[in-house]
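S.K.: Listed below are the residues making up each chain.
2 protein chains.
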Amino acid sequence: MSIDDVRAAAERIRGQVWRTPVVRCPALDELAGAELWLKAENLQRIGAFKARGAMHAVGRLDPQQRARGILTYSSGNHAQAVALAAKTFEAPATIAMPTDAPAIKVAAVRELGARIVFAGTTSHERRAAALELQAETGGTIIEPFDAPEIIAGAGTATLELLDEVRARTGESLDAVLVPVGGGGLIAGACLVCADDSIPVHAVEPRGCDALARSLAAGERVVVTPGPTLADGLKPVQIGALNFAIASAHVRATHLVDDVEIGRAMVRLLLRAKLLVEPSGAAALAAALRGGLEGQPRRIGVLLSGGNVDPTRIEELVRAHAGDA
Amino acid sequence: MSIDDVRAAAERIRGQVWRTPVVRCPALDELAGAELWLKAENLQRIGAFKARGAMHAVGRLDPQQRARGILTYSSGNHAQAVALAAKTFEAPATIAMPTDAPAIKVAAVRELGARIVFAGTTSHERRAAALELQAETGGTIIEPFDAPEIIAGAGTATLELLDEVRARTGESLDAVLVPVGGGGLIAGACLVCADDSIPVHAVEPRGCDALARSLAAGERVVVTPGPTLADGLKPVQIGALNFAIASAHVRATHLVDDVEIGRAMVRLLLRAKLLVEPSGAAALAAALRGGLEGQPRRIGVLLSGGNVDPTRIEELVRAHAGDA
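Residue numbers (our numbering), protein chains in the order written: chain H, 280 to 603; chain X, 280 to 603.
Check each hint, because a few of them may be wrong.
Remember, identical chains collapse to one label, so a pair may be satisfied in a single copy or spanning two.
Said to hold, decoys possible - Simulated crosslink set (EDC-like; lysine to aspartate or glutamate; CA at most 20 Å straight-line):
hint, residue 1, residue 2
1, LYS366, GLU572
2, LYS366, GLU390
3, LYS384, ASP602
4, LYS366, GLU309
5, LYS384, ASP588
6, LYS366, GLU314
Simulated from the structure, these hints should not be mistaken for lab results.
Could you build the full structure based on these sequences and the hints that come with them?
M.R.: Shown next, in the form of structure tokens:
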């Protein structure tokens, strides 16, 4: 895959997802000691970059495939993204969600018209349920990250970021920081940045370092994710295609802890006026540490989403407003 | 004054303030029963549209005037806006603030390098302090709203909004909703919308209806603002120039109460992922009622700013998350 796949995806999903703003915030620049260009995917449809890949993947199916139904398994933003894409293309969708999914996420998926099947509490159980449905119905499973259409779709966020920085400054970015879960967003970012030789930095929560460990081992390893605020960054394993792309392009990996993530989230809220979910604030947390290799002056930061429970907002504002 | 003044201001402040994004949020559209185009001035420099007018006004001074110093009086966003503008043009700034100003606002103004003079608790006392300083120093007072440069600068927000809607849809807005304090933002909006015959709707907090009462009386009246969450919308009187412009162009006025304002703020936070201060959410509160005269299909909503105390965020999220 290359940047051409991302460009083609951008053409195909134009008008179906938003071109999200790139936000500047001098107060955060000062804290980071660099110019931060914040790609606000929290302002994307369904509140996360996941809308891009899902819209692209569902859009590429032919009408017969769509009529047999769209399937996926997810506890988070991918469920809403697939539900939105299915609704857009008027296809029936069934989504396997965990029995302990928060009511607010279940309601969001239902509002988008998808049917929900509850299946255990692990990603393994959810995937099994989706495969079973596929065997029964001949529907198409939209994978959450390990698929070329998903990676190309996710890459459009980074493509827009670089385009906009170029349009506004006439120059390029010196580095891009990306939060890593299963690896959809970072694989897409790598395809785009490789073309311009822009270093890509991966950011994972401490204890959920599936990519860092896989890069160190030279092959994909399975991890048992530890507890983290960043509930969207807890894969047990990086995707295969994602790992192949990331291992060729990622410059460095960074681990951030819950205090840094919570503080970054509250700083985004109070200073940049953006509601970003903890997973979405992880890359900023790394940027705020400063000291990135090569001392990049102009840094792109992917804010991957903004879906967060109200009680979590209250809790984090209370904890971090004092040092925001 | 006309739209040409606003266009000229836009040329002059280009690059000194942000061109803020226009955000779409289907969930809010559904609640309003219309397409909402949200002009996100909470993402403006210093977190409010006030940066536009202040930058324009200070930028139009000649170097001698700037050297004698910039003065203003404000308890809120205008103080930060003038401090930023003075810093941008390397002019000394002194700002009269109330003795009971929140520490967070005092700190923000100081961070921008301005000197603060504390003067009583009323706008009258602050203005007197600024006039006294002017007599001593020959400095220039940057008025908070009642001045052509401020109105033209504020109008650039609406100009950008209409430009962007036209670029994205090929069409115009059917109505624009604007929160009203002293009248800077709405006077600017009127100049821009008059050119295109777009109806402008004014939104004030119940009990702070200086514009509505003045329009009814056919002349400016002085009010005693009642308590409201919208601390930026509590003028005792609309500006003279502002009233002259608004009375020629405003189609209708709307009064919103604290429950509506708080709920609109929390909906913006949880659904549109934007932190907007209560004053900034007032126009959305009116849009969410629906039933606007002429049933506009495509409505522009000015989100005027995003500077809000963390404890207020916690409190409002707790109160309104359930019905957001």
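S.K.: Check each numbered hint against the structure and report the violated ones by number, ascending.
M.R.: The structure conflicts with hint 1 only, although it agrees with all the remaining ones.
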